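Chains as they are written, first to last, in our numbering: chain Y, 21 to 159; chain F, 19 to 511.
Please keep in mind that the hints were generated in silico from the structure rather than gathered at the bench. Computed from a predicted structure; not experimentally measured. One or more hints might be untrue.
[Unchecked claim] Keeping only pairs whose Cα atoms sit at most 27 Å apart, straight-line, the calculated BS3-like set for lysine-lysine is:
| hint | chain 1 | residue 1 | chain 2 | residue 2 |
| --- | --- | --- | --- | --- |
| 1 | F | K190 | Y | K71 |
| 2 | Y | K35 | F | K152 |
| 3 | F | K314 | F | K262 |
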Amino acid sequence: MSRGETDLLKQVLEKLMYLDPPIKKFPVTPEDPAMAVYFLDLKDVCYITTKSDQGRDETMFMTSGGKAYFSNLRLTEIEKRLKEHPHYMRTSKFYLINLTKIRGLKVSSARDLWFEGIKEPVANAVTSTYLAEFEKKLQ
Amino acid sequence: MSELLKRIEKILLTERSLIGKEGEFVPVKDIIYLVSKRGGVFAALAGKKEVELPGNLNAWEKLLSGLFVQTHRQYLVALDRIEGTFERFPEEPEEEKRLTRAELRAKDDECEISLRGTTKRIPVTAVYGQKLKKTLGITRFHYLAPENPSDRALRLYGLIDFGWRELYSLDKRDKAAVEAFKAKWDIKLFDKSRMLSYFRLFGANVINTKRVIKNLIYQMWRWIQKGIEEPSDGNIRSLWYKIKSVLAQHSNILGSGDVDTFYSTLQEMVEDQELFRYKDFGFMDMNEPYRWIGKKNPEIILASEKLGHYLFIKKLADEQGVSFICLKGEPAVISMEYFSDDLTAKCGGKPLTIFSISDVDPAGYSIERNLVKGLEKAHQINKVVKLVDLSIYPADLVSLIRYPVVSYERKGDQVKPLPPATMGQVTKARSWFEEEINDEQLLTEKDKGGGWKVVTIHGIESDAAERDIIEDRFKAGLNRLLKRKVRAKPAKK
Numbered sequence: 021m022s023r024g025e026t027d028l029l030k031q032v033l034e035k036l037m038y039l040d041p042p043i044k045k046f047p048v049t050p051e052d053p054a055m056a057v058y059f060l061d062l063k064d065v066c067y068i069t070t071k072s073d074q075g076r077d078e079t080m081f082m083t084s085g086g087k088a089y090f091s092n093l094r095l096t097e098i099e100k101r102l103k104e105h106p107h108y109m110r111t112s113k114f115y116l117i118n119l120t121k122i123r124g125l126k127v128s129s130a131r132d133l134w135f136e137g138i139k140e141p142v143a144n145a146v147t148s149t150y151l152a153e154f155e156k157k158l159q
Numbered sequence: 019m020s021e022l023l024k025r026i027e028k029i030l031l032t033e034r035s036l037i038g039k040e041g042e043f044v045p046v047k048d049i050i051y052l053v054s055k056r057g058g059v060f061a062a063l064a065g066k067k068e069v070e071l072p073g074n075l076n077a078w079e080k081l082l083s084g085l086f087v088q089t090h091r092q093y094l095v096a097l098d099r100i101e102g103t104f105e106r107f108p109e110e111p112e113e114e115k116r117l118t119r120a121e122l123r124a125k126d127d128e129c130e131i132s133l134r135g136t137t138k139r140i141p142v143t144a145v146y147g148q149k150l151k152k153t154l155g156i157t158r159f160h161y162l163a164p165e166n167p168s169d170r171a172l173r174l175y176g177l178i179d180f181g182w183r184e185l186y187s188l189d190k191r192d193k194a195a196v197e198a199f200k201a202k203w204d205i206k207l208f209d210k211s212r213m214l215s216y217f218r219l220f221g222a223n224v225i226n227t228k229r230v231i232k233n234l235i236y237q238m239w240r241w242i243q244k245g246i247e248e249p250s251d252g253n254i255r256s257l258w259y260k261i262k263s264v265l266a267q268h269s270n271i272l273g274s275g276d277v278d279t280f281y282s283t284l285q286e287m288v289e290d291q292e293l294f295r296y297k298d299f300g301f302m303d304m305n306e307p308y309r310w311i312g313k314k315n316p317e318i319i320l321a322s323e324k325l326g327h328y329l330f331i332k333k334l335a336d337e338q339g340v341s342f343i344c345l346k347g348e349p350a351v352i353s354m355e356y357f358s359d360d361l362t363a364k365c366g367g368k369p370l371t372i373f374s375i376s377d378v379d380p381a382g383y384s385i386e387r388n389l390v391k392g393l394e395k396a397h398q399i400n401k402v403v404k405l406v407d408l409s410i411y412p413a414d415l416v417s418l419i420r421y422p423v424v425s426y427e428r429k430g431d432q433v434k435p436l437p438p439a440t441m442g443q444v445t446k447a448r449s450w451f452e453e454e455i456n457d458e459q460l461l462t463e464k465d466k467g468g469g470w471k472v473v474t475i476h477g478i479e480s481d482a483a484e485r486d487i488i489e490d491r492f493k494a495g496l497n498r499l500l501k502r503k504v505r506a507k508p509a510k511k
């Protein structure tokens, strides 16, 4: 197989990965305490961010249905787990976003993003450090 | 190339249909799980009748690899339909027994899972548990790891902080929001099946009453703290009736006999676990009249174990402007909470000095120790001064005023308690004598024959001490203390 064909296959594999991501669910705290672990569909998640309630640091998964789910993993650890996931990328110190859920963008000093099903935009969701990579992925 | 093919095949598989034994077409994406039973394999579909498939479960496991995962020898479940994990309870009641490490590990690999499209819970057995955990990217079935330390502490003690996140952001002035929150999370309103889902007794399909009570108390405390529940009217029993009457209406799981469980659980949570205080519930202190915070020297406390000393120590404390507390035996935890808080309010962080009047016997010393222990929770203790000790009694009177605490027979290292004393009482008395007293005036021995001796440990009531001497001792000790205080103060310029 020529090098050109290998590259092509790689690209096809990448595209397939987009259709069939390697991770589809993420374990989070369930809403009902009768359940021990809830597996959240990553396709429903708009963004993942840090949250501090009642003095405890957690990571929040915001879904397009407006529901929030929580994990005790740090954002960097979640980023590592979703490294192979083509829909997700780190866009700031505080955000990991699902590219397939973006419905609007506003250029400010950073980038404010609107997500599917969520009325309010996420201000400064993409900061300068991650901007180039973000724009590349959007193309 | 093979990776590429695998991926394409997996994607195509989701679009395929399986053909049932009767020739029915069953789309793979409609299958919730496959179950092997009655010698056949059946595909469970959302809202439709099961379809029997040809072949065995092993063959389907191979064919559907990557989309389905085996959780039990009878079950193969659709991975993308897995919603959550639950504790796996045995179907038949189990005998209570201590599990070995291997059995505990195996239990850790067992659970039940819920699947989108069915209310049936599918069992996960230890054989398949490890692989399923790996596939789902988790290390524990029974809680989300890593776990917050406070969640862990609550879980291990069997508590659930129902709706804590909502409670945290709840505005207590918003009556509608508070009502909605309570309607959703008030344990007292749970029906029996919901109770069972949170508080099932392991090994039996019944509700664990103690756990329900524990959680009711904890929820009550959380809500009082938040200001969405009124504290008690001061009486512990009325709190019990409040809980019991509502529960009787909704889930009928508590009987009148559970009142003892309620009291012991509350005591355990306050005194052993130190999760909260009696005072937090608004319970009143029946001993309130027998304590006072001094105006001049609040950090100096005159304490007696006897109510009979009330007028005596009140007068002394009033004269000197010090605090006092009159206990009725072992200090009640609730009294200590109130007294300690009052002291904090009046003397801030100043270390406390305690002048104590207690019987010269094991119980008297224990009461004094527990008084100090209770205050130590919130205060630094500078000094404890015993106003009554053996030296207060004239030596020639000791043998007349002492009374036997315990008697036992001794031969070498062998010790036998003499009724009514128990072995526990003898051990306690001996250690008190050896560590605290060690004075032959309070120990008598008589030969019994055969190498055995009858030993009696004695005590003396504090009431047998001259009150004038107690008063003198107190005043002298107080003077020394106050002089030191003056010396320690920097001179004003």
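Here is what the structure says about each hint:
In summary, the hint linking K190/F to K71/Y is supported, as the alpha carbons are separated by about 22 Å, within the 27 Å threshold. Proposed proximity of K35/Y and K152/F is supported: the alpha carbons are some 26 Å apart, at most 27 Å. The straight-line distance between the Cα atoms of K314/F and K262/F is roughly 47 Å, outside the 27 Å bound, and the hint therefore fails.
Violated hints amount to a single one, hint 3; each of the other numbered hints is respected by the structure.
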